[in-house]
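Those protein sequences? They're chains V and F, same order as listed. So the first sequence is numbered by our numbering: it starts at 1 and just counts up by one. So the second sequence is numbered by our numbering: it starts at 1001 and just counts up by one.
Just so you know, these hints were derived from the structure itself, not from any lab. Don't be surprised by glycine CBs; every beta carbon is placed ideally from N, CA and C. Don't take every hint at face value.
[What the hints assert, rightly or not] Going by beta-carbon spacing under 10 Å, a handful of chain V positions derived as facing chain F:
#1 R9
#2 N31
#3 R44
#4 G102
[Claimed, not checked] Calculated lysine to aspartate or glutamate pairs in the EDC-like style (CA-CA distance at most 20 Å, straight line):
#5 V:K71 with V:E56
#6 F:K1049 with V:D97
#7 F:K1108 with V:D38
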Amino acid sequence: DVKVTQSSRYLVKRTGEKVFLECVQDMDHENMFWYRQDPGLGLRLIYFSYDVKMKEKGDIPEGYSVSREKKERFSLILESASTNQTSMYLCASSQSDTQYFGPGTRLTVL
Amino acid sequence: AQSVTQPDIHITVSEGASLELRCNYSYGATPYLFWYVQSPGQGLQLLLKYFSGDTLVQGIKGFEAEFKRSQSSFNLRKPSVHWSDAAEYFCAVGATLFGQGFSFIFGKGTRLLVKP
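This is chain V alone, in the form it adopts within the complex:
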């Protein structure tokens, strides 16, 4: 079975802090994705990566950056967290046509 893990299930940070969300997949997938999920808005793509050190902006990249130094790991970085970044963050990986999701990180920014 494909396994996608995220470093934290729940995280509480203060405004202005730098926040790292980590995602690891164990199936040697090429593609990895970061979404945020908010009530009534569904899933919105923040960034995705189709290879090591490669990244592409999704629909809502503002306020975020990403890092992919190794194939199995894809990190989402909030350079200076703000309250409007309080959300559920979901990581996913895929080889081609099916995405597999991690359990999510619920981030609260105070």
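Following the hints, complete the assembly by docking chain F onto the known chain V.
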């Protein structure tokens, strides 16, 4: 533009009753279509997918979905709902993104409530 619409934000059904969740898509080519389920506090789990061939696809947990090109729909069905089916359901269409990899457009979800 590509889009996915799930017209129903909430649906309530009685346990044992049949279920149909609606999904309409807008996509220029033959779509790759998916249904995912999200239990409270969890990530998304793939229920089923359609790429080509038989337009009625079977998935896990007794779910099925039917692709109707003429209606641009991919509705999810289950003949008899169980209390454990209470969750949020997402329809998605797959698209090749910038010729690299494969990305997904998700609907906003339908929350299913099951009455005892």
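Going down the list of hints, with the structure as the test:
With a cut of 10 Å, the hint placing V:R9 at the interface with chain F holds, because the nearest CB-to-CB distance is about 8 Å. Restraint check, V:N31 versus chain F: the minimum CB separation of about 4 Å is within 10 Å; hint holds. Below 10 Å, beta-carbon pairs count as interface contacts, and V:R44 has one with chain F at about 8 Å; its hint therefore holds. At its closest, the beta carbon of V:G102 sits 5 Å from a beta carbon of chain F; the interface hint therefore holds under the 10 Å criterion.
Distance hint between V:K71 and V:E56 is fulfilled; the C-alpha atoms sit about 15 Å from each other, no more than 20 Å. This hinted pair checks out: F:K1049 and V:D97 have alpha carbons roughly 10 Å apart, not beyond 20 Å. For the suggested pair F:K1108 and V:D38, the alpha carbons sit about 9 Å apart, so the restraint of at most 20 Å is met.
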